[in-house]
Amino acid sequence: MKSSVIIFPGSNCDRDMDVALRKFGFKNQMVWHNDAEIPKSDLIVLPGGFSYGDYLRCGSIAGKSKIIKSVIDFANSGGLVLGICNGFQILTETGLLPGILQQNKYLNFICKNVFVKIKNKENKYFKKIKKEVLELHIAHNEGNYFCSSNELKSIEDNGQIAVTYCDHKGIEDEKNNPNGALKNIAGIFNKDKNILGMMPHPERMIDPFLSGEDGSIFFKTLIESL
Amino acid sequence: MSEVNEKIAVEHGLKSDEYKKICELLKRTPNITELGVFSAMWNEHCSYKSSRKHLKKLHTRGDQVIQGPGENAGVVDIEDDDAIVFKIESHNHPSFIEPYQGAATGVGGIMRDVFTMGARPIANLNSIHFGSPDHEKTRNLLRGVVKGIGGYGNCIGVPTIAGQTCFDESYNGNILVNAMTLGLVNKNKIFYSKAAGINKPVIYVGSKTGRDGIHGASMASAIFDDKIEEKKPTVQVGDPFTEKLLLEACLELMAGKSIISIQDMGAAGLTSSSIEMASKGDLGIEIDLTKVPCREENMSPYEIMLSESQERMLIVLEEGKENEAKKIFDKWNLDFAIIGKTTNSKNIELFFNNEKVAEIPIDFLADNAPIYDRKWVKAKLPKKNNFSKDQFKPLKLGDCLKKILIDPNIADKEWIWDQYDHTVMADTIQKPGGNAGVVRVHGTNKAIAASVDSSANYCHAHPLTGGKQVVCESWRNMISVGAKPIAITNCLNFGNPEKEKNMGEFVECVQGITEASKYLNYPVVSGNVSFYNETKDKGIKPTPSIGGIGLLSDYKKMMTMELKNDGNYLLVIGKTEGHLDQSIFARNILSEFNGPPPEVNLFNEKQNGNSILNLKNKNLIETCHDVSLGGILTAISKMGIKSGKGVKLFPLEGLVNKFEYFFGEDQGRYIIEIKPENLENVENILKKDSIHFDKLGLVEGDKITLENDIKLSIDEIKEGYKKWLKEYMVN
Numbered sequence: 001m002k003s004s005v006i007i008f009p010g011s012n013c014d015r016d017m018d019v020a021l022r023k024f025g026f027k028n029q030m031v032w033h034n035d036a037e038i039p040k041s042d043l044i045v046l047p048g049g050f051s052y053g054d055y056l057r058c059g060s061i062a063g064k065s066k067i068i069k070s071v072i073d074f075a076n077s078g079g080l081v082l083g084i085c086n087g088f089q090i091l092t093e094t095g096l097l098p099g100i101l102q103q104n105k106y107l108n109f110i111c112k113n114v115f116v117k118i119k120n121k122e123n124k125y126f127k128k129i130k131k132e133v134l135e136l137h138i139a140h141n142e143g144n145y146f147c148s149s150n151e152l153k154s155i156e157d158n159g160q161i162a163v164t165y166c167d168h169k170g171i172e173d174e175k176n177n178p179n180g181a182l183k184n185i186a187g188i189f190n191k192d193k194n195i196l197g198m199m200p201h202p203e204r205m206i207d208p209f210l211s212g213e214d215g216s217i218f219f220k221t222l223i224e225s226l
Numbered sequence: 001m002s003e004v005n006e007k008i009a010v011e012h013g014l015k016s017d018e019y020k021k022i023c024e025l026l027k028r029t030p031n032i033t034e035l036g037v038f039s040a041m042w043n044e045h046c047s048y049k050s051s052r053k054h055l056k057k058l059h060t061r062g063d064q065v066i067q068g069p070g071e072n073a074g075v076v077d078i079e080d081d082d083a084i085v086f087k088i089e090s091h092n093h094p095s096f097i098e099p100y101q102g103a104a105t106g107v108g109g110i111m112r113d114v115f116t117m118g119a120r121p122i123a124n125l126n127s128i129h130f131g132s133p134d135h136e137k138t139r140n141l142l143r144g145v146v147k148g149i150g151g152y153g154n155c156i157g158v159p160t161i162a163g164q165t166c167f168d169e170s171y172n173g174n175i176l177v178n179a180m181t182l183g184l185v186n187k188n189k190i191f192y193s194k195a196a197g198i199n200k201p202v203i204y205v206g207s208k209t210g211r212d213g214i215h216g217a218s219m220a221s222a223i224f225d226d227k228i229e230e231k232k233p234t235v236q237v238g239d240p241f242t243e244k245l246l247l248e249a250c251l252e253l254m255a256g257k258s259i260i261s262i263q264d265m266g267a268a269g270l271t272s273s274s275i276e277m278a279s280k281g282d283l284g285i286e287i288d289l290t291k292v293p294c295r296e297e298n299m300s301p302y303e304i305m306l307s308e309s310q311e312r313m314l315i316v317l318e319e320g321k322e323n324e325a326k327k328i329f330d331k332w333n334l335d336f337a338i339i340g341k342t343t344n345s346k347n348i349e350l351f352f353n354n355e356k357v358a359e360i361p362i363d364f365l366a367d368n369a370p371i372y373d374r375k376w377v378k379a380k381l382p383k384k385n386n387f388s389k390d391q392f393k394p395l396k397l398g399d400c401l402k403k404i405l406i407d408p409n410i411a412d413k414e415w416i417w418d419q420y421d422h423t424v425m426a427d428t429i430q431k432p433g434g435n436a437g438v439v440r441v442h443g444t445n446k447a448i449a450a451s452v453d454s455s456a457n458y459c460h461a462h463p464l465t466g467g468k469q470v471v472c473e474s475w476r477n478m479i480s481v482g483a484k485p486i487a488i489t490n491c492l493n494f495g496n497p498e499k500e501k502n503m504g505e506f507v508e509c510v511q512g513i514t515e516a517s518k519y520l521n522y523p524v525v526s527g528n529v530s531f532y533n534e535t536k537d538k539g540i541k542p543t544p545s546i547g548g549i550g551l552l553s554d555y556k557k558m559m560t561m562e563l564k565n566d567g568n569y570l571l572v573i574g575k576t577e578g579h580l581d582q583s584i585f586a587r588n589i590l591s592e593f594n595g596p597p598p599e600v601n602l603f604n605e606k607q608n609g610n611s612i613l614n615l616k617n618k619n620l621i622e623t624c625h626d627v628s629l630g631g632i633l634t635a636i637s638k639m640g641i642k643s644g645k646g647v648k649l650f651p652l653e654g655l656v657n658k659f660e661y662f663f664g665e666d667q668g669r670y671i672i673e674i675k676p677e678n679l680e681n682v683e684n685i686l687k688k689d690s691i692h693f694d695k696l697g698l699v700e701g702d703k704i705t706l707e708n709d710i711k712l713s714i715d716e717i718k719e720g721y722k723k724w725l726k727e728y729m730v731n
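Sequences listed follow chains X and F, in order.
Going by this note's numbering, 44 is the number at position 44 of the first sequence; the sequence numbering is gapless.
Going by this note's numbering, 505 is the number at position 505 of the second sequence; the sequence numbering is gapless.
Simulated from the structure, these hints should not be mistaken for laboratory data.
Ideal placement from N, C-alpha and C gives every residue a C-beta, glycine not left out.
Fair warning: there could be bad hints in the mix.
[What the hints assert, rightly or not] Calculated lysine-lysine pairs in the BS3-like style (CA-CA distance at most 30 Å, straight line):
(1) K484(F) to K112(X)
(2) K556(F) to K23(X)
(3) K564(F) to K169(X)
(4) K189(F) to K23(X)
(5) K723(F) to K183(X)
(6) K66(X) to K484(F)
(7) K484(F) to K105(X)
[Said to hold, decoys possible] Distance windows between CB atoms, simulated:
(8) N619(F) to N113(X): 21 to 31 Å
(9) G159(X) to H135(F): 46 to 56 Å
(10) K191(X) to N619(F): 51 to 61 Å
(11) S132(F) to R57(X): 34 to 44 Å
(12) K137(F) to K128(X): 52 to 62 Å
(13) D35(X) to P293(F): 23 to 33 Å
[Stated by the list, open to error] Sample of chain F residues with no beta-carbon within 10 Å of chain X, all distances over it, derived:
(14) E3
(15) K27
(16) G567
Model the full assembly from the supplied sequences, consistent with the hints where possible.
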């Protein structure tokens with residue numbers, strides 16, 4: 001399976017994502033933001049970081065970058081696009097995913113392990129995962145998901161909520177909402193479920209010596225589903 | 001151009017006799033640009049004029065040392081051609097004036113020092129000291145500093161893996177922000193600042209030059225007064241995004257062979273970077289200031305030379321490599337300008353609009369900078385307190401423990417490190433809140449441990465002992481995670497060196513650091529000095545911060561501090577005499593602030609540490625934690641809180657004062673957890689090696705118990721310990 005990780009100036013999780021993808025069998029290539037074309041891929045990843053310094057708004061300049069047109073074309077033709085953290089922010093800025101990511105409720109950057117509940121397994125990202133709850137890691141300042149009530153209804157009706165913050169048992173309450181996200185939303189799909197944006201970083205959870213191993217489950221099952 | 005006279009020189013922070021010396025050296029009056037250059041090079045921050053004499057005594061050598069003090073950062077060998085570049089640096093003065101930018105640019109500056117040498121930064125640490133929690137400024141300063149450190153480090157994508165936060169009223173008017181960075185480099189590809197060769201192009205890369213930070217280094221060499229707010233323009237403004245680009249661009253250029261020397265523009269900006277490169281290479285340098293990329297209009301030569309705008313580098317390139325280098329900086333959208341060349345004149349010559357605006361022999365600025373042998377007084381060892389039995393009578397061990405766990409200097413600092421990305425780069429295997437932060441050396445079985453420590457109360461009570469103690473504490477932190485201690489970097493934060501008492505504190509702390517680092521083969525390879533941490537005649541407690549690093553040859557054998565399994569034994573390694581003077585217990589419970597710090601016995605320190613590593617290598621230790629502030633009971637509480645496990649303490653033998661035993665801060669001690677089946681073996685090894693140990697108790701249940709004296713649930717003590725800082729920051 002071939003994957004491509006896009007590097008924007010200011011991306012800083014590009015290497016970690018490369019390491020994770022390779023570890024679980026992807027043939028990964030790094031693609032520079034100023035390139036016009038993306039090599040043939042089964043999966044495109046927009047990694048975390050601070051693309052273009054997150055100036056103006058997080059992800060907004062990256063959302064207008066040269067490479068992004070190819071990403072949009074790829075996504076519109078049904079290709080798998082995964083945006084993690086800043087990548088999720090970029091996907092909302094391009095309009096590929098609905099809603100926005102605001103500053104965290106308590107106005108602080110948050111770096112810690114969280115639990116997320118998988119809300120929809122009828123897609124290539126989660127269909128082979130047996131668990132209902134994954135322990136992943138977040139590190140962001142703007143992860144507070146928000147959308148209009150009409151949009152919310154539509155994403156709920158279409159099963160577009162991918163993962164929500166919860167406790168280790170899967171209880172999704174205010175106490176386990178780290179950033180104030182609407183409905184505890186940690187990640188969403190587009191209507192066709194080929195695009196996934198989420199705040200948590202599975203690539204930081206691929207080794208028992210790191211924060212944990214649930215990220216391994218994510219990548220292992222993802223390559224199996226492709 | 002304004003006329004230069006003594007009054008203007010004094011306004012630049014120079015002393016009258018220093019100004020006279022400048023006129024004598026030049027055999028004329030300097031112009032304003034030249035005066036600016038002199039003031040930037042001769043201030044305390046850049047010249048080390050008060051400290052140099054004493055810093056020479058530091059122990060800086062060892063087989064593991066590739067580069068000691070005197071470069072952008074120190075470099076140590078970690079085997080297999082890998083080396084670690086690391087350094088700690090202060091950004092105290094600016095952080096008090098403007099906490100966010102002060103702290104942020106402190107982090108940015110130290111990272112540049114590290115990647116200037118060709119290393120990719122792999123971990124950040126910090127040591128921050130604030131005034132009393134009751135002081136009106138403390139909360140906002142703490143919030144701003146933490147946001148600044150996070151704002152910069154998080155954006156660059158380097159994990160902040162450990163740190164230290166202290167509160168003490170002596171920092172009410174002068175907070176301390178010390179930032180440390182570790183970088184990884186191939187030991188055959190290290191870059192230095194020494195220029196070589198004549199007519200080599202001098203290249204400016206990075207951000208444009210603005211009017212921010214002018215006189216920053218002079219400001220950092222002065223005491224504060226009521227008008228400190230007016231100094232805001234001397235604080236630099238950081239842009240971590242540009243730094244990230246600069247980092248990637250520099251590392252890309254360094255992969256080739258075009259760089260002769262490279263130096264970041266830190267304190268005193270273009271002035272100090274150009275002069276240092278030329279001075280080290282015994283060369284002259286010629287710069288056309290018209291070619292310096294500026295972001296503001298009509299900047300004068302004086303302003304360009306003294307600006308401390310961030311994210312800039314100066315490079316001496318091989319001839320003919322300019323285009324190749326420019327391509328890289330173009331790719332990263334950074335300014336690239338050829339601004340001058342190396343010469344054989346041994347002078348710095350500055351041109352502006354085709355006119356020579358300054359010419360000064362380099363050695364006047366570097367070698368001939370003033371050096372002072374300041375007067376100092378030796379500190380006496382304070383008399384020991386004789387605590388009476390009556391003082392302990394009304395106290396209960398459990399209540400004292402609960403109080404100590406919410407002492408601002410003990411309570412959990414999660415509120416701080418949750419705001420730092422400590423997991424980016426996906427190699428952090430021990431997060432903040434442990435004995436030390438640990439990161440893997442990417443793609444290998446090795447890992448590097450790092451911590452920062454300071455003990456201002458001990459140093460204040462007796463600087464010589466305090467200096468030794470901080471080094472030992474750093475050494476213990478390395479041992480506690482199972483790392484072999486390699487080397488240290490020191491950030492020496494002191495008051496006004498023109499006062500004999502403060503100078504004495506400095507001299508004796510340095511002596512203590514030297515003795516301990518020599519004995520433990522734990523050399524100092526880099527660091528900086530921050531004097532004049534004083535406001536309206538009130539100085540800080542002497543605060544040397546020691547950043548230590550250690551090597552784990554197999555990261556899978558790393559030790560952690562959380563209690564593991566019921567039924568395991570807990571042993572205290574090292575002798576407990578019950579030294580309460582200067583302890584948290586004495587301050588917090590007995591309100592006694594005098595007395596000597598705990599004695600440091602370097603022989604025991606080394607023996608105990610080595611025996612821990614020996615036991616660890618035999619896989620006999622489940623858990624390890626060093627005993628420091630708050631003594632044994634505080635240490636086991638933290639170990640229990642981490643995993644939710646309790647401890648059944650064994651009754652003490654003989655007529656021991658329980659408060660002294662459990663809260664004393666004797667040095668050289670560790671608590672280790674041992675499986676019952678290994679106990680006999682461990683005891684035999686320790687006896688054979690003549691290591692003192694006590695059997696402390698068993699891991700058991702979810703409470704800390706001691707006969708009828710203590711019965712505390714871990715949940716109960718955890719709540720107070722975890723919540724103090726969070727509640728403080730909300731209020």
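With a cut-off of 30 Å on the C-alpha distance, tell me whether K189(F) and K23(X) pass. holds (28 Å)
Given the hint that K556(F) pairs with K23(X), test it: the Cα-Cα distance must not exceed 30 Å. Status holds; Cα separation ~19 Å.
Hint says 23 to 33 Å; check whether the CB-CB distance for D35(X) and P293(F) agrees. holds (27 Å)
Starting from the hint 51 to 61 Å, judge whether the C-beta atoms of K191(X) and N619(F) obey it. Once the Cβ atoms are compared, 55 Å apart, the range 51 to 61 Å for N619(F) and K191(X) holds.
Between the alpha carbons of K723(F) and K183(X), is the straight-line distance 30 Å or under? Holds: K723(F) and K183(X) sit about 27 Å apart, inside 30 Å.
Can you tell me whether the CB distance of K137(F) to K128(X) sits inside 52 to 62 Å? holds (55 Å)
Is the hinted range of 21 to 31 Å satisfied by the C-beta distance from N619(F) to N113(X)? holds (28 Å)
Decide if the proposed pair is consistent with the structure: K484(F) and K105(X), CA atoms, cutoff 30 Å inclusive. Roughly 42 Å separates the two Cα atoms, so the pair is violated.
For the pair supplied as a hint, K66(X) and K484(F), is the alpha-carbon distance within the 30 Å limit? Not satisfied, since the Cα-Cα distance of roughly 49 Å exceeds 30 Å.
Given the hinted pair K484(F) and K112(X), is their Cα-Cα distance within 30 Å? holds (29 Å)
For K27(F), is the shortest CB-to-CB distance to chain X above 10 Å, so the non-interface label stands? holds (49 Å)
Do the beta carbons of G159(X) and H135(F) sit within 46 to 56 Å of each other? Since G159(X) and H135(F) have Cβ atoms about 54 Å apart, the given range 46 to 56 Å holds.
Hint check: violations occur at hints 6 and 7; the rest are consistent with the structure.
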